[in-house]
Amino acid sequence: MAIEFKPSPSLPPPSTAVGPVAWLRQNLFSSPLNVFLTLFSIYIIYLIVPPIIEWGIINATWEGASKAECTAGGACWAFINVYFEQFMYGLYPSEETWRINLAVILIVLLVGMFAIKAINKLFLSLTILLIYPVVAYFLFAGGVFGLEVVETSRWGGLFLTVLLGVVGIVASFPLGALLALGRRSNMPVAKSVSLVFIETIRAVPLITILFMASVMIPLFLPEGLNFNKLLRVLIGITLFSSAYMAEVIRGGLQAIPKGQYEAADAMGLTYWQSMVLVILPQALKLVIPGIVNSFISLFKDTTLVYIVGMFDFLGRIQAANHDTNWLGTTVEGYAFAAFVYWIFCFGMSRYSMALERKLDTGHKRN
Amino acid sequence: MTNTNMARAQLEQGESTIIEFNDVNKWYGDFHVLKNINFSIKKGERIVVCGPSGSGKSTMIRCINRLEEHQKGSILVDGIEMNNNLKNIEAIRKDVGMVFQHFNLFPHLTILENLTLAPIWVRKMPKKEAEEMAMHYLERVKIANQALKYPGQLSGGQQQRVAIARGLCMQPRIMLFDEPTSALDPEMIKEVLDTMIQLAEEGMTMVCVTHEMGFAKTVADRVVFMDAGEIVEANEPHEFFDNPQHDRTQMFLSQILNH
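First to last, the protein sequences are chains R and H. Here numbering that gives the first Met the number 0 is used: position 336 in the first sequence is 335, and no number is missing along the way. Here numbering that gives the first Met the number 0 is used: position 239 in the second sequence is 238, and no number is missing along the way.
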């Protein structure tokens, strides 16, 4: 009779391999060099962190009407405090800023509704992409339902930064995907148009494009046919970003094995069906890090709109630094700017990591 | 009378040609990969194509659903000529299922979604109906309990059976198999071959590139041997194995049967 094969039972790992002490030993003190690096890093942290806390919190002045009142020797946060509204909303009329707040609350609620299972995700996405922008536009610009008209030239601050960033991101993404598909297409026209567009845009700095959008285009357009400067800048940013997006997405398309294209073809899917249903979902998932990289850099690049006389978040802070009451508050201004940009960019990066984990169907086995 | 014999009997009565190669030639650059292929396959026939690697056997069957383009000659599938007409290609692809060496399941979709994709989007079948049909085919390949998993969670043999079920979901008139067992562990080859044998017994027209000579002996109506882009010999299995006409065939058979 044959002997029955029984696999040996799995044993727990030895105690030296788990727990906080093991973690410290493995990660911080695993070799003489690592012991040295750990101790050295602790020393550097000791040198840097306490003075920052002292300057930024302990000795800081939080209230006041001018730089002269900041006498404690630390940071003069009173400057941020006084200018806070301008940093957030630019020159948008104070009594109307609720409209911006309402738009923000609306989008947070709409996006939050994705968590509710009973809601049709497609319907919700279309609402956010098609209906919400119209509502938000009329909230911001006014002119309907008795809302006071607010010229786009008064839009500014963090509001303008987020607006430029979000519109740029949302609009450049599908355009970039189209350009990426175009560049890989077999059709000579689609291929060369995409290629020329991508290579031209990438060869030019964003400042040039913004300058063209705000100064050159009106020169060529006939008198009277002049459209809004903000819109022109938005188009410029979108085109610029879409060229980079296209190359990132093309990288993803190239990483998809030929067999996936063939399997989709073999079952009779049309080109667009196979792209939208089979190839792009996989390609985009692969390049989430690159896409988010582009988004983060776009978000920070929007700051260049100062070149065409628009005052976004950073522009407002720099302008406020010239206030004679607040001369010498540059450090506080930039520290605040850095903090706010960091929150946004770090948020995007964390979101992308969560998204990657959620979409990972690759090799996990249950 | 067994199923196989019944199917054979029907075949002998029917005799209608479903795939026809007329003087087909194909080049990859300067490399002449298919040379004057003349061959026709009847409805319900099970063809096994074998030959050394690089002999053009995969290329030949991939011409049937135009994953590869031929440059000379004509290929008729179900009476429709394969040319650059996209409508023709799409019409034929609806009727021709294909199973690949590396499965090519879509890793971002569940097993069930893999199966329902084409019926829903190509055949415009309602989702519920497509899912019922998909479950039916998954049961036939004995894998229904895995329907909600992702391909990455299945073994190679299971993935290949899913791929076969996916091909069947389009209710094709022809199934093409491109070395379906070559990427599998030995223990998993049998489960895939069993599925294919079952399919053959139901009278499906099958064209199968494989090195599984046991499968060829039990299932094939004809075995085709290719070398250097040409069909060297095509014959019924017992003739092919017991009495090969060509010395190239004899050499090939002695290599793969006596190792």
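Calculated directly from the structure, the hints in this document are not laboratory data. A portion of the hints provided could be inaccurate.
To be verified - The calculated DSSO-like cross-link candidates involving lysine-lysine, where the alpha carbons are at most 30 Å apart (straight line), are:
no., chain 1, residue 1, chain 2, residue 2
1, H, Lys123, R, Lys116
2, R, Lys120, H, Lys216
3, H, Lys34, R, Lys120
4, H, Lys42, R, Lys284
5, R, Lys284, H, Lys93
6, H, Lys42, R, Lys299
7, H, Lys126, R, Lys116
8, R, Lys357, H, Lys126
9, R, Lys257, H, Lys141
10, H, Lys93, R, Lys357
11, R, Lys299, R, Lys284
12, H, Lys71, H, Lys42
13, H, Lys127, R, Lys284
14, R, Lys120, H, Lys141
15, H, Lys148, R, Lys116
16, R, Lys284, H, Lys34
17, R, Lys190, H, Lys141
18, H, Lys127, R, Lys190
19, H, Lys93, R, Lys116
20, R, Lys257, H, Lys34
21, R, Lys257, H, Lys86
22, H, Lys126, R, Lys284
23, H, Lys148, H, Lys93
24, H, Lys93, R, Lys257
Claimed, not checked - Between beta-carbon pairs, the in silico distance windows are:
no., chain 1, residue 1, chain 2, residue 2, range
25, R, Pro13, H, His210, 31 to 37 Å
26, R, Pro92, H, Glu128, 54 to 60 Å
27, R, Leu358, H, Ala233, 46 to 52 Å
28, R, Ser124, H, Leu75, 41 to 47 Å
29, R, Leu125, H, Gly213, 41 to 47 Å
30, H, Asp29, R, Val188, 27 to 33 Å
31, H, Asn83, R, Val107, 49 to 55 Å
32, R, Ala189, H, Ser181, 33 to 39 Å
33, H, Gly53, R, Leu125, 47 to 53 Å
34, H, Trp26, R, Leu358, 51 to 57 Å
35, R, Gly258, H, Asp29, 21 to 27 Å
36, R, Pro13, H, Gly28, 42 to 48 Å
37, R, Tyr350, H, Glu89, 37 to 43 Å
38, H, Asp29, R, Val165, 28 to 34 Å
Where a beta carbon is used, it is the ideal one built from N, C-alpha and C, also for glycine.
Against the structure, the hints come out as follows:
1. H:Lys123 - R:Lys116: holds, 27 Å
2. R:Lys120 - H:Lys216: Violated: Lys120 of chain R and Lys216 of chain H sit about 53 Å apart, past 30 Å.
3. H:Lys34 - R:Lys120: Between Lys34 of chain H and Lys120 of chain R the Cα gap is close to 53 Å, so the pair fails against 30 Å, i.e. violated.
4. H:Lys42 - R:Lys284: violated, 43 Å
5. R:Lys284 - H:Lys93: Given pair Lys284 of chain R, Lys93 of chain H holds - Cα atoms ~29 Å apart, limit 30 Å.
6. H:Lys42 - R:Lys299: Given that 30 Å is the threshold and the Cα spacing comes to 64 Å, the pair is violated.
7. H:Lys126 - R:Lys116: holds, 20 Å
8. R:Lys357 - H:Lys126: holds, 25 Å
9. R:Lys257 - H:Lys141: This hinted pair holds, its Cα atoms lying about 28 Å apart.
10. H:Lys93 - R:Lys357: violated, 33 Å
11. R:Lys299 - R:Lys284: Holds - the C-alpha atoms of Lys284 of chain R and Lys299 of chain R are around 23 Å apart, at most 30 Å.
12. H:Lys71 - H:Lys42: holds, 25 Å
13. H:Lys127 - R:Lys284: holds, 28 Å
14. R:Lys120 - H:Lys141: Cα-Cα ~33 Å, so violated.
15. H:Lys148 - R:Lys116: holds, 20 Å
16. R:Lys284 - H:Lys34: Roughly 42 Å separates the two Cα atoms, so the pair is violated.
17. R:Lys190 - H:Lys141: violated, 45 Å
18. H:Lys127 - R:Lys190: violated, 39 Å
19. H:Lys93 - R:Lys116: violated, 35 Å
20. R:Lys257 - H:Lys34: With a Cα-Cα distance of about 25 Å, the restraint between Lys257 of chain R and Lys34 of chain H holds, given a limit of 30 Å.
21. R:Lys257 - H:Lys86: holds, 23 Å
22. H:Lys126 - R:Lys284: holds, 25 Å
23. H:Lys148 - H:Lys93: holds, 26 Å
24. H:Lys93 - R:Lys257: Given pair Lys93 of chain H, Lys257 of chain R holds - Cα atoms ~20 Å apart, limit 30 Å.
25. R:Pro13 - H:His210: 31 to 37 Å: violated, 48 Å
26. R:Pro92 - H:Glu128: 54 to 60 Å: holds, 58 Å
27. R:Leu358 - H:Ala233: 46 to 52 Å: Holds, at about 48 Å.
28. R:Ser124 - H:Leu75: 41 to 47 Å: holds, 45 Å
29. R:Leu125 - H:Gly213: 41 to 47 Å: violated, 55 Å
30. H:Asp29 - R:Val188: 27 to 33 Å: At 29 Å between Cβs, range holds.
31. H:Asn83 - R:Val107: 49 to 55 Å: About 52 Å separates the Cβ atoms of Asn83 of chain H and Val107 of chain R, which means 49 to 55 Å holds.
32. R:Ala189 - H:Ser181: 33 to 39 Å: The hint (33 to 39 Å, Cβ to Cβ) holds, given that Ala189 of chain R and Ser181 of chain H are roughly 37 Å apart.
33. H:Gly53 - R:Leu125: 47 to 53 Å: Since the Cβ atoms of Gly53 of chain H and Leu125 of chain R sit about 51 Å apart, the hinted range of 47 to 53 Å holds.
34. H:Trp26 - R:Leu358: 51 to 57 Å: violated, 41 Å
35. R:Gly258 - H:Asp29: 21 to 27 Å: For Asp29 of chain H against Gly258 of chain R, whose Cβ atoms are near 26 Å apart, the range 21 to 27 Å holds.
36. R:Pro13 - H:Gly28: 42 to 48 Å: violated, 60 Å
37. R:Tyr350 - H:Glu89: 37 to 43 Å: holds, 39 Å
38. H:Asp29 - R:Val165: 28 to 34 Å: violated, 53 Å
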